[in-house]
Each structure stands twice: as structure tokens, then as C-alpha cells.
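So the sequence shown is numbered by full-length UniProt numbering: it starts at 1 and just counts up by one.
Because the hints were derived from the structure by calculation, they are not lab data.
Just to be clear, a hint being listed does not mean it is correct.
Restricting the straight-line Cα-Cα distance to at most 35 Å, the calculated cross-link-like pairs of lysine-lysine (DSBU-like) are [unchecked claim]:
(1) K129 to K202
(2) K295 to K152
(3) K173 to K228
(4) K202 to K127
(5) K104 to K77
(6) K230 to K152
(7) K106 to K152
(8) K152 to K127
(9) K295 to K127
(10) K129 to K173
(11) K104 to K228
(12) K295 to K173
(13) K173 to K106
(14) K230 to K104
(15) K77 to K228
(16) K202 to K295
(17) K202 to K77
None of these values were measured; they are calculated from a predicted model.
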Amino acid sequence: MSFRKTLKLICGFAGGSAVLVFAAAAADSSGFFGEQGGERVSRWSRFAVLQAAQPAFTPASHTPTPTGHAWDFNWDKRDPSALTNGKKKENATEDPTSEQNNSKPKATRNILLIRHSQYNLSGNSDKEKILTPLGREQAELTGQRLAALGLKYDVLIHSSMTRATETANIISKYLPGVELVRCDLLREGAPIEPVPPVTHWKPDAVYHEDGARIEAAFRRYIHRADPKQKEDSYEIIVCHANVIRYFVCRALQFPPEGWLRMGLNNGSITWLTIRPSGRVALRTLGDAGFMPVDKLTRT
Numbered sequence: 001m002s003f004r005k006t007l008k009l010i011c012g013f014a015g016g017s018a019v020l021v022f023a024a025a026a027a028d029s030s031g032f033f034g035e036q037g038g039e040r041v042s043r044w045s046r047f048a049v050l051q052a053a054q055p056a057f058t059p060a061s062h063t064p065t066p067t068g069h070a071w072d073f074n075w076d077k078r079d080p081s082a083l084t085n086g087k088k089k090e091n092a093t094e095d096p097t098s099e100q101n102n103s104k105p106k107a108t109r110n111i112l113l114i115r116h117s118q119y120n121l122s123g124n125s126d127k128e129k130i131l132t133p134l135g136r137e138q139a140e141l142t143g144q145r146l147a148a149l150g151l152k153y154d155v156l157i158h159s160s161m162t163r164a165t166e167t168a169n170i171i172s173k174y175l176p177g178v179e180l181v182r183c184d185l186l187r188e189g190a191p192i193e194p195v196p197p198v199t200h201w202k203p204d205a206v207y208h209e210d211g212a213r214i215e216a217a218f219r220r221y222i223h224r225a226d227p228k229q230k231e232d233s234y235e236i237i238v239c240h241a242n243v244i245r246y247f248v249c250r251a252l253q254f255p256p257e258g259w260l261r262m263g264l265n266n267g268s269i270t271w272l273t274i275r276p277s278g279r280v281a282l283r284t285l286g287d288a289g290f291m292p293v294d295k296l297t298r299t
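Produce the entire structure from the sequences given, and follow the hints as far as they go.
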């Protein structure tokens, strides 16, 4: 059997790079690399090159190294154990365990963040930045999708900007009886300077002005349920891409400076779930699969 066939057979059975290195070293020592007497270099130097090309095989090298900080269960400042610590008991016979159980949230909050539909980019003022005909179609599709989910929505909150207000009004047609609430805190803006920095986009306002407002919106709307809430809730918030992306980073305890690394289609649905324990899950990010391909935009 030729050396090449033997090598192929060995590698086929073993499937390991270590066997290949060993076989290559053996071939070198036997002259299979075709060098002549005066041209031969050190066979061990060639072996060292092959060996260096192989990753070190240790159990640790195949286990991802944890990075970042541990999960902060009091991220929303509503962890019952943190709220009761240091609190003076009014009654010496009061059971601290019972008190803590009474203050524990029992319901899950589902927050569906909707990006507004396509709008007139050439408008000079907010009032002129109305939805385009396609944008109105997108809002209709989003409303139909939300209705088709069959969820019992508690409220529909929207940014006070024209494009978000129009989107919310169209969506509300498909959700009769759901209260509409307008909020200035949800207006579009620049939440925090992005990392890595970008040169193709410059915000209208400085970061610390918009950032403080958007952070206030996050604290108002993104948190675990109140202990008095008995049933799971489903709340819709119609706002803007920058606001949604920042909310997602903050809720998942990712670096908020990474908000600009995500992209969201117009009319898309981003779904956050907040458990009573304070755990947060991202069920969907920018879902627009319910729209035909020719209706998708990201403006």
C-alpha cells in the first residue's frame, strides 16, 4: 500500500489533527517530502511548524470563558429582598419572611415594542414627517399581527411624535377597547454615544439631553410587575428605533453603548418578557416576518 493511501486511511479512522502531525513527521523522516541530500532542512523544524499550526488541546480551550458582570437582580430597584433590608419592623412579632412574600411580584410583564412605520423623510418639522402610503400599509399589517396573536392587551402607549402617533392610531383599530396613552418621554433621540463610534450619523441633540429623557422612559416602563398585579400583562409601546434598541440593551444588561449595532424594520415587533424574579428574556427583536418582502423598509 502506498504511503498516501496509508496516511488517508489513518486520518479517516482517527479524524484527529494529532495523527496528521505524527504522520507528517514520519513522512519527513523518510524523505517523502522529496528533498535531496544537500537541500534537506531539519526535519524537526518542519515538525515544529506543523505542531504550531495545531490548537493546543486542553479541556479549558474548548470551554468559553465567562465575561462581563453577574446578573443584577435588583436592576429595576424593585427586588423585594433589597426593599425590605434595613426596614424597621413595626411589630416585634412580625414575620420578616411573610412580609417579603407579600411584597414579591407574582405576575409576568410582556412588553411589545413597536417601531413606527415608514414616514416622509423630507419633512422639515415633526408635523410634516407623516406616514407614507407604504407606512400606513405597514401599520395596518402590524395591527393585524398584534390582533392575530390573540393576547389581552392592557394598554397601548405611544411616542408623541407624529409618525409614532399615526402608527399607534392605525394599530388601535385592530385592538378595540385598548386604552391609548401618549408619552413625550418616548420621543426619538440619541440615548448614549455609540461604541464603536460612527461618522455617518450625527444626532440633532447632545447625548446627555436625550439620554436622560430616554433613561427616564426606560425606568418608567421597563421593570418587573407591581406586587399588587395578579395576572400577566401585555403592554404595547409604539416608539422609535433608537429608543427600542437602548431599552433592549438596558433590559438585558448588555452595554448600552452597543445600541446602534442593531437594526429594526419599520412596523417591527420587539418583545421583552420580565419575570417576577427580575429575569428578562428577549422573545423577538425587530420581528417583521408577518409583512410581505416588498413591504419591508428600515427608514
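Violated hints - listed by number, lowest first: Structure breaks no hint.
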